[in-house]
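Here are the chains, one letter per residue:
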Amino acid sequence: MADQAQLIPGTLDMLILRALSLGPLHGYGVLLRIEQISGGALLIEQGALYPGLFRLVRQGLLKSTWGISDNNRRAKFYELTAAGRKRLREETESWNRLVNAIACAMGAQPEET
Amino acid sequence: MKLTASIRNILPAWIQRQRMDREMDAELRTHLELRADDLERSGVPRAEAERLARIEFGGMEHYKEECHEATGSLFAERLLQDLRYSVRVLRKSPGFTVAAVLTLALGIGANTVVFGALNALILRPLDLPRAESLYSIHRVATNSATQSYPDYVDYRDRNRSFEDLAASNFSEAGLDTGDNVSRSWGIVATGNYFDVLGVHPYLGRFFTAADEHGANSAPYVVLSYSYWLKRFQGDRGVVGRKIQLNKAPFTVIGVAPPKFNGTLLFFTPDFFVPMVNHSELGSEDVLHKRGDVSGIFITFGHLKAGVTPAQAAADINSISRDLAKEYPKDHPQAEFALARPSLYGDHLGRPVRAFLTALMVMAGLILLAACANLGSLFAARAADRAREIALRLALGASRMRIVRQLLTEAILISLTGGGIGLWGSMLLMRWLNAWQPFPQFPINVPVTPDAKVYVIALLLALASGFLFGVVPVRQVLRTDPYEVVKSGSSARAGRKISLRDFLLVGQIAICAVLVTSSLVAVRGLMRSMHSNFGFEPQNTLVVNTNLQMAGYKGDAPAAMQKRALETVASIPGVTAAGLVDWAPLNGSANTTTVFHDETTELIPAHAAETSVFFQISSGYLSAAGTTLLSGRGLTEHDKKDAPRVALVNQQFALKMFGSVRGAIGRYYKIKDGSRLQVVGVVENGKYQSLTETQQPAMFLPLLQSPSSETWMMVRYGQADRKTGQNRDPLQLAGAIRGKIRELDSGLPCFIETWTQNLALALFPSRVATVALGILGGMGAMLSLTGIFGMAAYSVSKRLRELGIRIALGAQHKEVLRAALGKAFRLLAVGSVVGLILGILASRVLAFIVFEATPRDPLILAGVVLAMAFLGLVATWIPARRALAVNPLILLREE
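As they're listed, the protein sequences go chains B and X.
So the first sequence is residues 1 to 113, counted in my numbering.
So the second sequence is residues 1 to 894, counted in my numbering.
One or more of the hints may lead you astray.
In the DSSO-like style, the derived pairs of lysine-lysine whose C-alpha atoms are separated by at most 30 Å in a straight line are [claimed, not checked]:
{"id": "1", "chain 1": "X", "residue 1": "LYS247", "chain 2": "X", "residue 2": "LYS562"}
{"id": "2", "chain 1": "X", "residue 1": "LYS655", "chain 2": "X", "residue 2": "LYS671"}
{"id": "3", "chain 1": "B", "residue 1": "LYS63", "chain 2": "X", "residue 2": "LYS64"}
{"id": "4", "chain 1": "X", "residue 1": "LYS329", "chain 2": "X", "residue 2": "LYS553"}
{"id": "5", "chain 1": "X", "residue 1": "LYS259", "chain 2": "X", "residue 2": "LYS64"}
{"id": "6", "chain 1": "B", "residue 1": "LYS86", "chain 2": "X", "residue 2": "LYS639"}
{"id": "7", "chain 1": "B", "residue 1": "LYS76", "chain 2": "X", "residue 2": "LYS64"}
{"id": "8", "chain 1": "X", "residue 1": "LYS655", "chain 2": "X", "residue 2": "LYS640"}
{"id": "9", "chain 1": "X", "residue 1": "LYS325", "chain 2": "X", "residue 2": "LYS289"}
Because the hints were derived from the structure by calculation, they are not lab data.
From a predicted model like this one, the values you see are computed outputs, not experimental measurements.
Produce the entire structure from the sequences given, and follow the hints as far as they go.
So this is what it looks like as structure tokens:
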């Protein structure tokens, strides 16, 4: 567990959108998907996911329907709306810019050595 | 549960919330199950898998709460949830809830009533158009507003500050509709009266300045709305009808609008007549007497736009100076100021204001004490609920949420209490409004509540809810859930001085203040009932016949009075009967200036003294029970053509002649120039009010200065000589009424005992005593519940400790000291503080209550005893409980 990182505040919503961009999932599924696509490197407390889901639904970025899970349990499935897709594109772009900028800044520090 | 059911019906938001809650629960449950399924697949047993799933999930309640926030749950929804929870919690402890609600109902009710009175009598302007610019003219020195009619006319015509000036006076009159005469009270007003006040008639028309063409030129009467309803059953045909006032014909020309009662708050007139016709009611013709200030009771008008009250007063004062130069004999120099007419300037205004302010402060203190009381109860409850609160914190509820929940509980209680208090105070105010303290005068206390009163009640309820709800907050914020869950709620034994102790001391101090003031007031009233009035009101009837009402004029009143006296004196049981023109202690008596014998120029500036004067018949002294100190009383021979003589009181003798003995046989002068010889000196007395400083008084023979308004004092032997039984004053009054009717059947006659008659004089101190008594009683009740709550709580918290002490052989005394020592120490500290404050506060009372002094050993002892008694009563049950502790049972239970 030592190589797991705390989530940067404000990035959970983005991760949820990203996870759902691959297809509709229930809450637990979103959690597993994030673990999977992050290579198990991100630590999210399970309960913390739900306020995020509710927030995104309220903003109209997600919509939810009740359905049946793989192992036959009634679960609420979330999927991206058009607005959600658009938001994901924007967030991805700005995130990439930010990461590049920071990586650039951090890489250009010779004093470290 | 009915309440939640109705809430659910009213608010669909609630249903929405419930559905969301269910969905959220289902969703989260699915999550846990899916996780558990996964764990199970990896080889963990099912039960263990479910446990792990819950742990991994984190604080369930906390996240649910966040989900609600994320969906933007409305504030109102959460409030509803808190409310539902509060109702459930409060229903679980009905005793606490009822006690808390009642305490607040009393506190808020008391405040609402007092504020209602304050609002109606002082804060709210008169219910007249443009009342804010309506001012009356008052003498600075005496607060009186009386004027002579000619002076009024000059002020009206010469001033440049008022739009117009009107004036009014009161008159009592026998109103005769043809079939029967009834006593009624009215306002005698200048022609421009209604125009100046800006009111419009309900029926018919009002008299105006154009109706006035000299003396007795306007025989018109306007009825007040309430009198028109009462006496004429709302008959619209009354306009144009001829009636008689004191046997003089008047025509009804109109009815005043509802709620119009003139300019004085406590007085509700039956009729209005033009002042030019005042003498037709039998009073002296004052229209041309510049020296007679009995003509006008009050002068008032609207200020012109842009004129300040100070400028107007300066204007009036300069006119007054001119008048003093023009009429040095009749116009005394005086300084005038403007005031509000509603309470006759400061005359009634000052005592009423002082009294109501004092009451308001006390009512505020009551509420504060109630809040302190409830605050410590809430703190104690929060301590008892430490486990519940700790559990909720551990489950992820935020501290703010719990604080809000506790505040909701407090405010629910305070609003309920406030509602009940408001309802009670409405009833009380309605009663006050209808109350007529004096059957013979149209005096009432108009305290109609308005929106301001309701708003204040609501604000008070909310504020007090916050005040006592906030007390346990610190405690909640400090709660460490792990500690509490581990060690149980009684972890800390309250040894050190806590906020609760502080509140209790404060509360007891406040209550002691209230108890002290009410004792001071009660004692003052008792003294004023038994003080020396300068007459003996016991066993005396007051017969008030106004001969003017029956149309007696000229010499007729004197002859009639003589016959009436003789007839009444002949009734068996009557020991003495005498006449006086104005019974003492019936409001303001007649006063006049007196001069030394050497003074030749009798102008106000040279006056030696201002003296009260009474005109009496020879039998008055013995009928009234006034003691003659020196010299002789009056006799039948002190009549019209005999030398003018006078009796004076001790104060008069000392002031004018230096000693009682030295006064006999000496002369002095009165305003009209007559020389009076002092033939006797009588004891001092009270003449205008119980709280007055000793005034000089003189008693002049009625035969030498006749008056048609007389009061007959009839003294009777207490026991019937034949039967030995106590005489019934009612029976005697019947006999007197019969005899007078034999003399003149048309003469209205009002008989009461002198003690009843004094009700007017004693009224202020009675009201003060009743009000303070009620507040004192409330204070006592609050300290009782406060001490009881504290003692019961500390005993219940320390039952185990007490049990151990008893098991180790502690004696009763030691157990009690351990259990209740602190309660008593707090009580003692609080009482001492309260007593000192109470003594300071009681100075205010001296304004209203006669001889109200707190420096009275009886009062001090009374307060100490009362507080000690309250302490004993309040700790009785907890003490019993402490002594009945059975160590075996207690130790086994733990």
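*Keeping to a limit of 30 Å between CA atoms, is the pair of LYS259 of chain X and LYS64 of chain X held or broken?*
violated (60 Å)
*Going straight from one Cα to the other, do LYS247 of chain X and LYS562 of chain X come out at no more than 30 Å?*
Holds. LYS247 of chain X to LYS562 of chain X sits at ~22 Å (cutoff 30 Å).
_Check the hint pairing LYS86 of chain B with LYS639 of chain X against an upper bound of 30 Å on the C-alpha distance._
The given pair, whose Cα atoms are some 117 Å apart, is violated under the 30 Å limit.
*Given the hint that LYS655 of chain X pairs with LYS640 of chain X, test it: the Cα-Cα distance must not exceed 30 Å.*
Roughly 28 Å between the alpha carbons, so the hint for LYS655 of chain X and LYS640 of chain X holds.
*Quickly compare the C-alpha distance for LYS655 of chain X and LYS671 of chain X to 30 Å and report which way the hint goes.*
Holds, because 18 Å separates the two Cα atoms, which is no more than 30 Å.
*Would the pair LYS76 of chain B and LYS64 of chain X pass a check requiring their Cα atoms to be no farther apart than 30 Å?*
This hinted pair holds, its Cα atoms lying about 16 Å apart.
*Is it true that the CA of LYS329 of chain X sits at most 30 Å from the CA of LYS553 of chain X?*
Distance of about 29 Å is within 30 Å: holds.
*Between LYS325 of chain X and LYS289 of chain X, does the CA-CA distance stay at or below 30 Å?*
Answer holds: LYS325 of chain X to LYS289 of chain X is near 17 Å, not above 30 Å.
*Hey, LYS63 of chain B versus LYS64 of chain X, does the alpha-carbon distance stay inside 30 Å?*
The given pair, whose Cα atoms are some 19 Å apart, holds under the 30 Å limit.
The structure is inconsistent with the numbered hints 5, 6, although it conforms to all the rest.
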